[in-house]
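Engineer: Take a look at the letters that make up each chain.
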Amino acid sequence: MERIPILQMNDVLLVTIQVDMHDQLALTLQDELTAHIIQARARGVLIDISSLEIVDSFIGRVLSNIAAMARVLDAETVVVGMQPAVAITLVELGLSLTGVRTALNVEKGMAFLRAASA
Amino acid sequence: MTVLKSETTPLQTEADIVRVRQTVRQWAIQQGFSLVDQTKLVTATSELARNTVVYGGGGTVQLEALTTGSRRGLRLIFVDHGPGIPDIAQAMTDGYTTGEGLGLGLGGAKRLVNEFDITSHTGAGTRVCITKWK
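Residue numbers (my numbering), protein chains in the order written: chain A, 1 to 118; chain B, 1001 to 1134.
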């Protein structure tokens, strides 16, 4: 089965989405991340979407769900690297990514997670 | 208005949604759309294609590359023969959903394009036509 790799660096889980995800793949990522947070005792989740060419309402909902589930499991989520065209489109679509913390790039995202778990 | 080319393709599965997004991206690039306009049209395509597959029980999308001489555009016509939408005004409202979505699909897609037309008949299906001009 096709899946998106989840890497671990200390107590942070790293996900880089590099494929045009179909809906089931996004839901699989959501489930696997939740399981990984517990297994790895992770305190942070960093999701790099710099390769994503669109974020539609479905992917937006999955990102919000991941952030909400992680928070319940005592982990912070940060989404990094959103392309400008994607950001413009998201706002016109009406999607606010409720509860999702964002950062410009991986470095700033990691800095946020370090500060949050300190 | 001249139709430069036209193609009809099936929308039955999640894989079809991904494929149609990629085809629309290629056509938008060929029509000279800016990156922001490409992104808006592909996002609207994703929302409407998902509606066709999930709520319409599958259908088709017809792509048309248009020109008026000075302007270039893309028109997409999504057709399904599903249950139809009893109350279109309600379905267009942000936050209204009969499924598991966010209820942003129709209203959101409308905001991302220049022209939006929807007709639906209960028990017969739904047709959504969108056009984006360069």
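The hints are simulated quantities; they were obtained by calculation from the structure and are not laboratory data. Given the structure is predicted, the values throughout are model-derived calculations rather than measurements. Take the hints with a grain of salt, since some may be wrong.
Unchecked claim - Once the Cα atoms are required to be at most 20 Å apart in a straight line, the calculated EDC-like pairs of lysine to aspartate or glutamate come out as: (1) B:Lys1110 x B:Asp1087; (2) B:Lys1110 x B:Glu1064; (3) A:Lys108 x A:Asp48; (4) B:Lys1134 x B:Glu1115; (5) B:Lys1110 x A:Glu76; (6) B:Lys1134 x B:Glu1064; (7) B:Lys1134 x A:Asp48; (8) B:Lys1134 x A:Glu53; (9) B:Lys1134 x B:Asp1117.
Stated by the list, open to error - Computed footprint of chain B on chain A, listed as stretches where at least three residues anywhere in the stretch have a Cβ under 8 Å from a Cβ of chain B: (10) 29-35; (11) 39-51.
All C-beta atoms in this analysis are idealised placements derived from N, C-alpha and C, irrespective of residue type, glycine included.
Engineer: So, for every hint listed, does it hold in this structure?
Structural biologist: So, going through the hints one by one against the coordinates:
Proposed proximity of Lys1110 of chain B and Asp1087 of chain B is supported: the alpha carbons are some 17 Å apart, at most 20 Å. Proximity of Lys1110 of chain B to Glu1064 of chain B is assessed by CA-CA distance (about 18 Å); at most 20 Å being required, the pair is judged to hold. A threshold of 20 Å between alpha carbons decides the hint, and for Lys108 of chain A with Asp48 of chain A the separation of about 12 Å falls inside it, so the pair holds. For a cut-off of 20 Å, the pair hint linking Lys1134 of chain B to Glu1115 of chain B stands: about 12 Å separates their Cα positions.
For the hint linking Lys1110 of chain B to Glu76 of chain A, the alpha-carbon distance of about 34 Å lies beyond 20 Å, and the restraint is violated. For the hint linking Lys1134 of chain B to Glu1064 of chain B, the alpha-carbon distance of about 14 Å falls within 20 Å, and the restraint holds. Proximity of Lys1134 of chain B to Asp48 of chain A is assessed by CA-CA distance (about 30 Å); at most 20 Å being required, the pair is judged violated. Between Lys1134 of chain B and Glu53 of chain A the CA atoms are separated by roughly 19 Å; this keeps the pair inside 20 Å, and the hint holds.
A distance of roughly 19 Å separates the Cα atoms of Lys1134 of chain B and Asp1117 of chain B; the hinted pair therefore holds under the 20 Å criterion. Residues of the region 29-35 of chain A lying with their CB closer than 8 Å to a CB of chain B number 0, which falls below the three-residue condition for coverage. Residues of the region 39-51 of chain A lying with their CB closer than 8 Å to a CB of chain B number 0, which falls below the three-residue condition for coverage.
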